[in-house]
Amino acid sequence: MSPDAAKIRIDELFRSKSLPPTPLQNIGPHIPRWGVINTSLMVPESVGLCVGPAGCMREPFFDARKNGNGTRLFLLPLSENDVIMGSHLPAVKTALLKIAHEKKPKAIFLCSMCVDELLGTDYEEIARVVESITRVPVIAVKMNPVCKKKNPSQEQKTYSFFNKYFHSSHSEQATIHERSVNILGGYTPLSEKSELLTQLSHAGYPVVNQMGEFTSYDQFNNMAVASHNIVIHPRGLLLAEEMMRFMGIPYCFSPVSFGLKTIGEKYHDLEQFFHTKFEIDAIRDEAERYLQENIHRFSGKKIAIGSGINGSPYELAEAFTGYGLDVRAVFSDTIHDYEWDHISSLSRNNPGLIVYRTSHPQLKDSPHEWDEIDIAIGSDAGYYCNHARVVPLPFEVQGYGYEYLKYLISEMRGDINPVSRIRDDDVQPVRENL
Amino acid sequence: MKGLHHLLPPLAADYTGICSALYDLDAMIVLHNPSGCMRTVTDIDEPRGASRRASFFSSGLNESNVIFGDDDVFFRNIVRTFQDTDKKFIALVSTPVPAIIGMDMNDIAARLETTLDVPVFAFNTTGFENYSCGISEAYLTLAKHYLSSPREKIPLSVNILGATPLDTGSDRHLNLLISLLEQAGLTINAVWTMGSRLEDLIQSSRAELNIVISHTALPLAQYMEEQYGIPYILSLPVGMQPSARFFALIDKMMPGAITVEHWAEKETGGPELPSGSRALIIGEPVMSYGIKQCLIDDFGVDEVQVVSLHPLDMIPGTDRGSNDLTIGKEEDLENLIGHNHFDIIVGDPYFRNFIGTKKQIPFISLPHVALSGSEYYQSDYAYFGEPGYRYFCKSLFH
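Protein chains in written order, with my numbering: chain S, 67 to 500; chain Y, -11 to 386.
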């Protein structure tokens, strides 16, 4: 099968403003995701209860287990009759009360599935009732891919669930921490030595709260009284907007980037946001030198970039094109608003670049389409480019700024140089030996 | 299993059972779903996915399709995609959302069949039931459509019914069974449904005997017995002496088919457990009763209790023990293990979590993909024949 229907030149994409349509989809492990459950379980000392058809329960169970969160998740499979008749709600309430009583969590998230979304089941009310009985915050969240086409995206909506925790905490805490910053949009925290954290500290913002770094619920709730939000990935945008609307915390959208010029622009945006001047020139010069020393290694190599990277594949393609590298393919399923500027640039500077719709079913039957690709960045690109060396750059690795560019180059070289923090209490998935 | 889950996931869903049963048959398998259900199949339940890339498709059902009942969009998308493929049939597999809104998959299937002139099967699965229903339904649907009365039987031929990774594990286990049967002089006609092609399955009614290795294939075996007069046995050759019994049973069904060396009982000469030993087996019922026989015959276990993940109705009463039961809730299993003495527990590695830290009970891991997904799929274990005996021996005495 030819993948013609699944691909589009970048200049044509810029003109048409839409990716090739997918009559049916090929959804599989090649399309990376973090998931509602692991996002929700980023709240320390919380537990989760998923309710829905048994078939829908396996994904959250294995997601949580994979990230070492299995002990904090409960599942309540429902019968079809109960869901249709609405008679499952007492069982959900009983389960929540039992969990609250036995596990004594600081918070509970109650996760419902597509079927309850369509039936309009009022889990907010159950959450309210249980919260009033137990005095434990109960947050209703949704794992409902049936609504995935809505704007904001499912990923943004999931991330914005945190606002529900912050909102009540914000009301309870009297004082705003004037010089503290939240970094939103990431799943794992930046390294303590991160250049962004260092710059913020030098600028008088020593307290930086990051998703995924807290071990206690109280620490986590400090995010509700921060003075500034930085959004490093668009998935954090909705949360930032809601925190601005309901708590008055301003935000700056400054997404992870790989182009030297773009990184410089993002730091400039942050300088304006914080009314300060970062001491970033030496770091930029060092990154530029590192790039010049190493970029020739990839000269003549054909590169594909996927959307499974922790960043924008279009921005990265633009950056690499600017560095003189031969970017042949981008794999993508969605385009964020801010990426159109990068697509515009690519349509001028690398118009022959082909964008493949990652979930298009024709791709999986075209195994030789990418035989010439030497380096695939992102696991989705790696899935299709069978002969390429794969550089995953997964969501679990969080970097920012010039050091993230250096990290990527070192990964492409095969070096190991961690940029994101590994917490002491990070638990590896349980893997019993047989 | 009902009630609150904490240590165990629910078993793989009915739609997963359909996908697993049809995986090797060169079909276009379309899940009518919002994409999440397909992830469960491809990411968790289908361990062969990465190597063979079966033709699974998701309809990408969204809220607007549901509200406006866009069946025609679904229909057109399948037509458009099928025309670019070279598949032998189409399977439309329903999931919770179409089930809850009562979408008529049969109508779409009928229209597709007319338009494309290819067999199209509608599976009205719901996601509320487990894989067992899905596999059984897939088998019966294929049998009713493709099988016909044979002109002649193939002498000494057997079908293996009930092989899917969800119950059987990787194909190396199945290959071992096939090898045992072939060494005994039998011809494998078709395997429902691992490894065999659709063309092989169509010849199934020519076999002299069906060997059922999972409860999921019992409805198929009963159908083939009624329609084509093919008898069946419900048995697994786990370990040494049960393998001899297994071949003796085949010889009884097909007199003279098996030479005496294969069914004569053999002394293992290996170690046995002390008198009074009690074992607990948790798992798929046909497999569990195969293991039970092995523990009793090969290792001298006195008492074996089976806790089945599925109803035990179909298991012959002679095999069932008075304490055997179908698992109800997680807490029931916790109570059973916590309040009773067992010298051995056999089951999927996930059941190890029920033992707790206070008890030191030898645990024999037999991964069950329908429960723990692909995580232990490639693990080093065996259950058929002598390799199975060696694995149990090693697990019990080393």
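A portion of the hints provided could be inaccurate.
[What the hints assert, rightly or not] Keeping only pairs whose Cα atoms sit at most 25 angstroms apart, straight-line, the calculated DSS-like set for lysine-lysine is:
no., chain 1, residue 1, chain 2, residue 2
1, S, K170, S, K208
2, Y, K141, S, K170
3, S, K164, Y, K240
4, S, K343, S, K367
5, Y, K317, S, K164
6, S, K132, Y, K(-10)
7, S, K367, S, K327
8, S, K169, Y, K141
9, S, K159, S, K83
10, S, K169, Y, K317
11, S, K368, S, K327
12, S, K172, S, K159
13, Y, K240, S, K170
14, Y, K(-10), S, K169
15, Y, K240, Y, K141
FYI, nobody ran anything at the bench for these hints, they're computed from the structure.
How the hints compare with the structure:
Distance hint between S/K170 and S/K208 is fulfilled; the C-alpha atoms sit about 23 angstroms from each other, no more than 25 angstroms. Note on Y/K141 and S/K170: the hinted pairing is violated, with a Cα-Cα distance of about 66 angstroms set against a maximum of 25 angstroms. For a cut-off of 25 angstroms, the pair hint linking S/K164 to Y/K240 is broken: about 55 angstroms separates their Cα positions. The hinted pair formed by S/K343 and S/K367 fails the criterion: a straight-line CA distance of about 38 angstroms is larger than 25 angstroms.
A C-alpha spacing of about 15 angstroms is found between Y/K317 and S/K164, which places the hinted pair at or below 25 angstroms, so the restraint holds. Only pairs whose Cα atoms come within 25 angstroms are accepted, and S/K132 paired with Y/K(-10) is accepted, the gap being roughly 24 angstroms. The straight-line distance between the Cα atoms of S/K367 and S/K327 is roughly 23 angstroms, inside the 25 angstroms bound, and the hint therefore holds. Of the pairs offered as hints, the one joining S/K169 and Y/K141 is violated, with about 62 angstroms between alpha carbons and a cut-off of 25 angstroms exceeded.
The suggested pairing of S/K159 with S/K83 is violated, with an alpha-carbon distance near 46 angstroms, which exceeds 25 angstroms. The suggested pairing of S/K169 with Y/K317 holds, with an alpha-carbon distance near 19 angstroms, which does not exceed 25 angstroms. The hinted pair formed by S/K368 and S/K327 meets the criterion: a straight-line CA distance of about 23 angstroms does not exceed 25 angstroms. Distance restraint check for S/K172 and S/K159: the Cα-Cα separation of roughly 17 angstroms lies within the 25 angstroms cut-off, and the hinted pair is therefore satisfied.
For a cut-off of 25 angstroms, the pair hint linking Y/K240 to S/K170 is broken: about 61 angstroms separates their Cα positions. Note on Y/K(-10) and S/K169: the hinted pairing holds, with a Cα-Cα distance of about 20 angstroms set against a maximum of 25 angstroms. For the hint pairing Y/K240 with Y/K141, the CA-to-CA distance comes to about 18 angstroms; that is within 25 angstroms, so the pair holds.
Checked against the numbered hints given earlier, this structure breaks hints 2, 3, 4, 8, 9, 13; the rest are met.
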